[in-house]
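Number of protein chains: 2
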Amino acid sequence: MTLVTCDMSMSLDGYVTGPNDSRENPFGDGADTLHDWLFDAATDEDRALLQGGLEGTGAVVMGRVSFDKCVEMWGENGPTNGVPCYVVTHEAPTESHPSVYTFVTDGVASAIKQAKDTAGTKSVGLHGASVMQQGLPLGLVDELFVHVVPLLLGGGTPLFGSLDSAVTLERVDAVITPAATHLRFRVVK
Amino acid sequence: MTLVTCDMSMSLDGYVTGPNDSRENPFGDGADTLHDWLFDAATDEDRALLQGGLEGTGAVVMGRVSFDKCVEMWGENGPTNGVPCYVVTHEAPTESHPSVYTFVTDGVASAIKQAKDTAGTKSVGLHGASVMQQGLPLGLVDELFVHVVPLLLGGGTPLFGSLDSAVTLERVDAVITPAATHLRFRVVK
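Chains as they are written, first to last, in my numbering: chain S, 1 to 189; chain L, 190 to 378.
Excised from the complex, chain S in its bound form:
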């Protein structure tokens, strides 16, 4: 079974970017330390989690906002070492773009299906809050891997959106490193 995982760094108050994020300011205001566990503050345990995530990911699904904001920063190989990325959008861009990206105009469920077919025995990674929020109520998200960072952003892009009813999770892993609390959850119902 191909797992669909949303793997994101989140401030304690629930944001994946700070306010005013843009192509020039991709992490948003005040969010400089949100990804420290990946960079300056990374310990061997942090690096092992990152490496495991990268090696285990066979395809990525992202929203158009993430693509537009980060495509330049990520370069030719996209966010995940050349793994195919499916971008959910209303309309494919006309300008050229790295070949790692495929544009999907018939919705998140279609993008996740295509990504699962591509990923095979590896996982599908959902990049960005929007695709996770769309996929979760459809029952298309299997795991949430949240890296809780000791920071309050007070605004920006929230990881989670409103739901019609509560969703029960099962915490299946917890790793404590200085820069983050890495919590992996299985979506139960």
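Keep in mind the hints are simulated off the structure, nothing from the lab.
Cβ atoms here follow ideal geometry from the backbone N, Cα and C, with glycine treated the same way.
Incorrect hints may have been included.
[Said to hold, decoys possible] To give an idea of the interface, some chain S residues facing chain L are shown, with a C-beta separation under 8 Å as derived from the structure:
| hint | residue |
| --- | --- |
| 1 | Leu38 |
| 2 | Met73 |
| 3 | Gly75 |
| 4 | Val146 |
| 5 | Leu152 |
| 6 | Phe160 |
| 7 | Leu163 |
| 8 | Thr168 |
| 9 | Glu170 |
| 10 | Ala174 |
| 11 | Ile176 |
[As the list claims (entries may be wrong)] From chain L, some residues computed to sit far from chain S (all C-beta separations above 10 Å):
| hint | residue |
| --- | --- |
| 12 | Met190 |
| 13 | Pro215 |
| 14 | Gln240 |
| 15 | Val260 |
| 16 | Thr269 |
| 17 | His279 |
| 18 | His286 |
| 19 | Thr310 |
| 20 | Glu332 |
| 21 | Thr346 |
[Unchecked claim] Taking beta-carbon pairs under 7 Å as the criterion, some of the chain S residues facing chain L (in silico):
| hint | residue |
| --- | --- |
| 22 | Asp13 |
| 23 | Gly14 |
| 24 | Gly30 |
| 25 | Pro150 |
| 26 | Leu153 |
| 27 | Gly154 |
| 28 | Gly155 |
| 29 | Ser162 |
| 30 | Ala166 |
| 31 | Val167 |
| 32 | Leu169 |
| 33 | Thr181 |
| 34 | Arg184 |
| 35 | Phe185 |
Could you slot chain L onto chain S? The hints should help.
For chain L alone, kept in the frame of chain S given last:
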């Protein structure tokens, strides 16, 4: 120094109650498991954390909404074994109430000051999202002790509010139990 601590159970998506919380439904819809670490699912570690919190608290500050919603449930001794509770309100109630409560009509800073004077060497506990959200930008909150519960509520009362700028935290303790991830943070700036 008297520490001011906000000690709350929170769903992974940041809520301290589910939607439609009221006197009859104090935890809100879908939030039945939000306090399981205190009750049915409590381990010795959970109980030790609770007991430590209770024994270390010398006074409580809460908002009027928490008071109105929970006063009956808590009974004569209030939420914390008879510890004095300062209730921030615009107008003190005219009906009788347990003597553990004092009503403060000149704002959260005044309530926290009175609570610190009462607490002495013990801590002041902030009960409820509202008083924490008011006290944090005033520099009056020293610690956040958040019990992250494996649950998405998708609505209800958010623990954190918007902020004018990011707040850096330092994680000073992390305890993993089956029903919650207990994370204690010092407010740095």
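> Checked against the structure, which of the hints given earlier come out wrong?
Replying inline: 1, 2, 3, 34
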